[in-house]
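J.: As a plain string of letters, each chain reads:
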Amino acid sequence: MNQLGTRYVLGKVAGSLGSLAFMLVVNFFLFRVLPGDPVRTLARNRLVSQQQIDELTRTLGLDQSLPQQFLTYLQNTFTGELGLSFRYRQPVADLILDRLWPTLVLVGTGTLLATMIGLWIGVRSAWNRGSRFDKVSTGSSLTVYAMPEWWLGLMLLAVFSVGVGPLPGIFPTGGLISPGVDPTSLEGVLDQAWHLALPVLTVTLAYLADFSLIMRSSLLDEMGADYLMTARAKGLRDTRVRREHAVPNALLPSVTLVALNLGFVVAGAITIETVFSIPGLGLLTTEALEVPDFPLLQGTFLVFSAAVIAANLVANLLYAVIDPRVRS
Amino acid sequence: MKPLIRRPHRSRRPFAALTAAAFCLAAAWPAAVAVAAESPAADEPVVFTVGLLNEPDSLNPFLGIEAESYEMWGLTYDYMISYKAEDMSPQPGLAESWETSDDGLTWTFHIREGVDWSDGEPLTAEDIAFTYNRILDGGPESASWISYLTSVDTITAPDERTVVLELSEPNAVLPLLPMPILPEHVWSKLSEKDVKSYANEPPNVVGSGPFRMVEGAAGGSTFRFEANPDYWKGAPHVDEVVFRVFQAEDPAIQALKKGEIDFVENISGNQVDALEKEDGITAIMGDSPGFDEIAFNTGSVDLETEQPIGDPNPAVLDPKFRYALGFAIDREAIRDRVYQGAGITGSTIVPPAYPTYHWEPPEDVAFSFDPDRAGQLLDEAGYEMGPDGTRTMPDGSPIGELRLLARADSETSVDVIQFFSEWLADIGIESKVQAVESSKLTNLILEGEFDAFEWGWYVEPDPDSMLSYMTCGQRGNWSDSWYCNEEYDALYLEQHSATDQAARSEAVKRMQEILYLDAPYLVTMYSSIGEAWRSDRFEGFVPQPNPGGIMLVQYGVDNYLNVKPVAGKDTSSSNTNGALIGGAVAGGIALAAVAGALLFRKRDRATADDRE
Numbered sequence: 000m001n002q003l004g005t006r007y008v009l010g011k012v013a014g015s016l017g018s019l020a021f022m023l024v025v026n027f028f029l030f031r032v033l034p035g036d037p038v039r040t041l042a043r044n045r046l047v048s049q050q051q052i053d054e055l056t057r058t059l060g061l062d063q064s065l066p067q068q069f070l071t072y073l074q075n076t077f078t079g080e081l082g083l084s085f086r087y088r089q090p091v092a093d094l095i096l097d098r099l100w101p102t103l104v105l106v107g108t109g110t111l112l113a114t115m116i117g118l119w120i121g122v123r124s125a126w127n128r129g130s131r132f133d134k135v136s137t138g139s140s141l142t143v144y145a146m147p148e149w150w151l152g153l154m155l156l157a158v159f160s161v162g163v164g165p166l167p168g169i170f171p172t173g174g175l176i177s178p179g180v181d182p183t184s185l186e187g188v189l190d191q192a193w194h195l196a197l198p199v200l201t202v203t204l205a206y207l208a209d210f211s212l213i214m215r216s217s218l219l220d221e222m223g224a225d226y227l228m229t230a231r232a233k234g235l236r237d238t239r240v241r242r243e244h245a246v247p248n249a250l251l252p253s254v255t256l257v258a259l260n261l262g263f264v265v266a267g268a269i270t271i272e273t274v275f276s277i278p279g280l281g282l283l284t285t286e287a288l289e290v291p292d293f294p295l296l297q298g299t300f301l302v303f304s305a306a307v308i309a310a311n312l313v314a315n316l317l318y319a320v321i322d323p324r325v326r327s
Numbered sequence: 000m001k002p003l004i005r006r007p008h009r010s011r012r013p014f015a016a017l018t019a020a021a022f023c024l025a026a027a028w029p030a031a032v033a034v035a036a037e038s039p040a041a042d043e044p045v046v047f048t049v050g051l052l053n054e055p056d057s058l059n060p061f062l063g064i065e066a067e068s069y070e071m072w073g074l075t076y077d078y079m080i081s082y083k084a085e086d087m088s089p090q091p092g093l094a095e096s097w098e099t100s101d102d103g104l105t106w107t108f109h110i111r112e113g114v115d116w117s118d119g120e121p122l123t124a125e126d127i128a129f130t131y132n133r134i135l136d137g138g139p140e141s142a143s144w145i146s147y148l149t150s151v152d153t154i155t156a157p158d159e160r161t162v163v164l165e166l167s168e169p170n171a172v173l174p175l176l177p178m179p180i181l182p183e184h185v186w187s188k189l190s191e192k193d194v195k196s197y198a199n200e201p202p203n204v205v206g207s208g209p210f211r212m213v214e215g216a217a218g219g220s221t222f223r224f225e226a227n228p229d230y231w232k233g234a235p236h237v238d239e240v241v242f243r244v245f246q247a248e249d250p251a252i253q254a255l256k257k258g259e260i261d262f263v264e265n266i267s268g269n270q271v272d273a274l275e276k277e278d279g280i281t282a283i284m285g286d287s288p289g290f291d292e293i294a295f296n297t298g299s300v301d302l303e304t305e306q307p308i309g310d311p312n313p314a315v316l317d318p319k320f321r322y323a324l325g326f327a328i329d330r331e332a333i334r335d336r337v338y339q340g341a342g343i344t345g346s347t348i349v350p351p352a353y354p355t356y357h358w359e360p361p362e363d364v365a366f367s368f369d370p371d372r373a374g375q376l377l378d379e380a381g382y383e384m385g386p387d388g389t390r391t392m393p394d395g396s397p398i399g400e401l402r403l404l405a406r407a408d409s410e411t412s413v414d415v416i417q418f419f420s421e422w423l424a425d426i427g428i429e430s431k432v433q434a435v436e437s438s439k440l441t442n443l444i445l446e447g448e449f450d451a452f453e454w455g456w457y458v459e460p461d462p463d464s465m466l467s468y469m470t471c472g473q474r475g476n477w478s479d480s481w482y483c484n485e486e487y488d489a490l491y492l493e494q495h496s497a498t499d500q501a502a503r504s505e506a507v508k509r510m511q512e513i514l515y516l517d518a519p520y521l522v523t524m525y526s527s528i529g530e531a532w533r534s535d536r537f538e539g540f541v542p543q544p545n546p547g548g549i550m551l552v553q554y555g556v557d558n559y560l561n562v563k564p565v566a567g568k569d570t571s572s573s574n575t576n577g578a579l580i581g582g583a584v585a586g587g588i589a590l591a592a593v594a595g596a597l598l599f600r601k602r603d604r605a606t607a608d609d610r611e
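Protein chains in written order, with numbering that gives the first Met the number 0: chain B, 0 to 327; chain P, 0 to 611.
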């Protein structure tokens, strides 16, 4: 059993590494198929001579042949060197690190809250199907689910940032931190919490329905199962039947969903970052696409694909833990 | 199977939790509001906050290209020559005066005394010569700026107060030298390779300009500048300038209404219309030196063999055909229906904001919306109406469908091209509209696979660069119409090395006339840019061009020196108390959450017990 478990784990890890290697290669060629010439974009609308264009091409390393660029790319990636961004002229790794944590905090906290609240709502409404709680929560989940994220964000911004009628707005209209505040001080941390409150609320509301509806339907499926009848026949309390028998079995689809969602955490929330002007990874990527900024795109997509692959791996491993059938 | 035990319908739990949450929020809200409303102390700094809709790319003047980056270098550094606000003509900057030799080959600049770098070192002529030589020597430093030093052989500083440029042939663009002057004692330590990725960000920025950059990084969302109290033009009236980058227009507008920012730059005409009604806000569509045009493929060729490439419709290769279409465009309709009534209808590639160089077409050739005249001109050129209601080529063959390309990323571009297509139909010319991404359009232009498209240009205070885009040598490069005309090219060289202003203006005007009649471009509109600001808090802006122009992101940064708080108004940053409010609110929410959770747990147990 234990050995089987090890083989399962090793197999999954090897598979993930294989996918990552594949993505590395795809990433390089994917962006070179994009229309647009970075040199022309960067030099647009200025007085530029051929000499200057050549200089820019050399600076960006685009004077080399494609196979040569590919070799350099592989070499650099394996030595942990992601290159210089065309647009910002800064090391790609630094840019990504700077932008990574706002996204992680924003979507991480938001997803966590959405998961917890969503699962709770899902369990409760399934267990009391047809109750007023069920009707209200399912109805409102669906309503929020149907709202486009940016619209929801803008509405929250209009109400809580700008203020409605006599109520003044108490949250900032965007950004990550007030100018002149040290982000590492206590004041800075509180200031960032203040700035992130509305965006996190938007993420939470936007993803809430995903979790509550899935949880609700998978629990409803389980509720007809015979083992619940057995559990009840043993005289267990309703709460115990729910917590220890029904929910763990109903949790399987939700785990997949949560893990997959966490994978998209880094890439997601572009719209929310746009509405709340948060300098995150999503925005970095859209800006890089305009040039197109090959090294930066390669870097961000490497992070995105690594995140999705890692999340899948975690989901697979977690499955082995919560579902013994997977191991055998 | 249904659950055996059903819960009571009326659960009070959510209500209890909501009450707890509401209570805590209610406690936090007035506290937060009270903190926010607290009046600022007398020594509170005056902060002028500008909302940008695009971010600066690099704060290193050798690397950045975005207008926002130029704005920030303008605050940080000085220029040897700057621009007059009214007409953007050259005026003294670090150079107090200058003269040229009679042959136009030697330019001597006399440098102001008593200007210091922010680290206390004096700024001398050597810093200026160093900066220009760094560009002249090639390498990454030359990429943005070398064009301003065309035909300059040497740049020297014979003494601390004099800079001398020696030229191989006269260059009429001088004395325009819009490069920020960098401190030699800082930048001389950076090799060519270092410069390629040098960030030039706080706390390591040494400048001499009216402000000092104290916070911000490329790609970031907040940039903070402190006033330089010893600036040689006089200290600014505000203590700080803060730039906040918004990624979408709506939130920026909301921030302006709320007063979080004092100025918002580059907004749409619809927003300007809406903001005009707000109290305490002034919103304008300012004239900006640029134009939008419908451009034609005037003959795409392989530059080495001079053989045609691409597949332009033979009709658009004919100047007479293109000129006739100029009368089919209702520019006023474009202004009113596409540009929300803002801006000036267009004529030539040099905007009227530059009166020294702008050529105004005389009445007998000037375009007006006159489909009959367009039809008559087309008839004369041989493009007669066929029996099916569409015009034919002079040889009687059908013209076919013109391919009109619009930029999918620009609403105005798509709208203008659609109108154009309808107007063409009215005079018997079929066309097909296609919207493509800008980058894709660039490729199609280079391949010559188009008949006409819509795009625009900004025009620098010296029209030389704009004029050069229409020369034969720029085909396959910056020319997007493949235009080539020997007479035009000769005039271009003539004006480029003219030493007499009147002669140069004459040549530039004649060039515009040639372009107008050959019509590689049909200029539709001169650009305008939407801006809005809290006029209840700040005043003193001078438009550029004056009157009718824009207030910020001008050529030069004079308005950051002009802007001053309206007397007796609160202009302190509304963010000062942010952390306190944040703390209060976050605390309130945390309390609500804890209270809610406790209540839930308690009730959970209670009902479970009840039910047994």
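If you are wondering where the hints come from, they were derived from the structure by calculation, not from laboratory data.
Mixed in with the good hints there might be a few duds.
Said to hold, decoys possible - Facing chain P, from chain B, some residues (calculated, C-beta under 7 Å): (1) T5; (2) R6; (3) V8; (4) G168; (5) T172; (6) L301.
We put the beta carbon where it would ideally sit given N, CA and C, even for glycine.
J.: None of the hints should be skipped; say for each whether it holds.
T.: Here is what the structure says about each hint:
no.: 1; hint: T5; in the structure: violated, 40 Å
no.: 2; hint: R6; in the structure: violated, 39 Å
no.: 3; hint: V8; in the structure: violated, 36 Å
no.: 4; hint: G168; in the structure: holds, 6 Å
no.: 5; hint: T172; in the structure: holds, 4 Å
no.: 6; hint: L301; in the structure: violated, 18 Å
Of the numbered hints given earlier, the model fails hints 1, 2, 3 and 6; all others are met.
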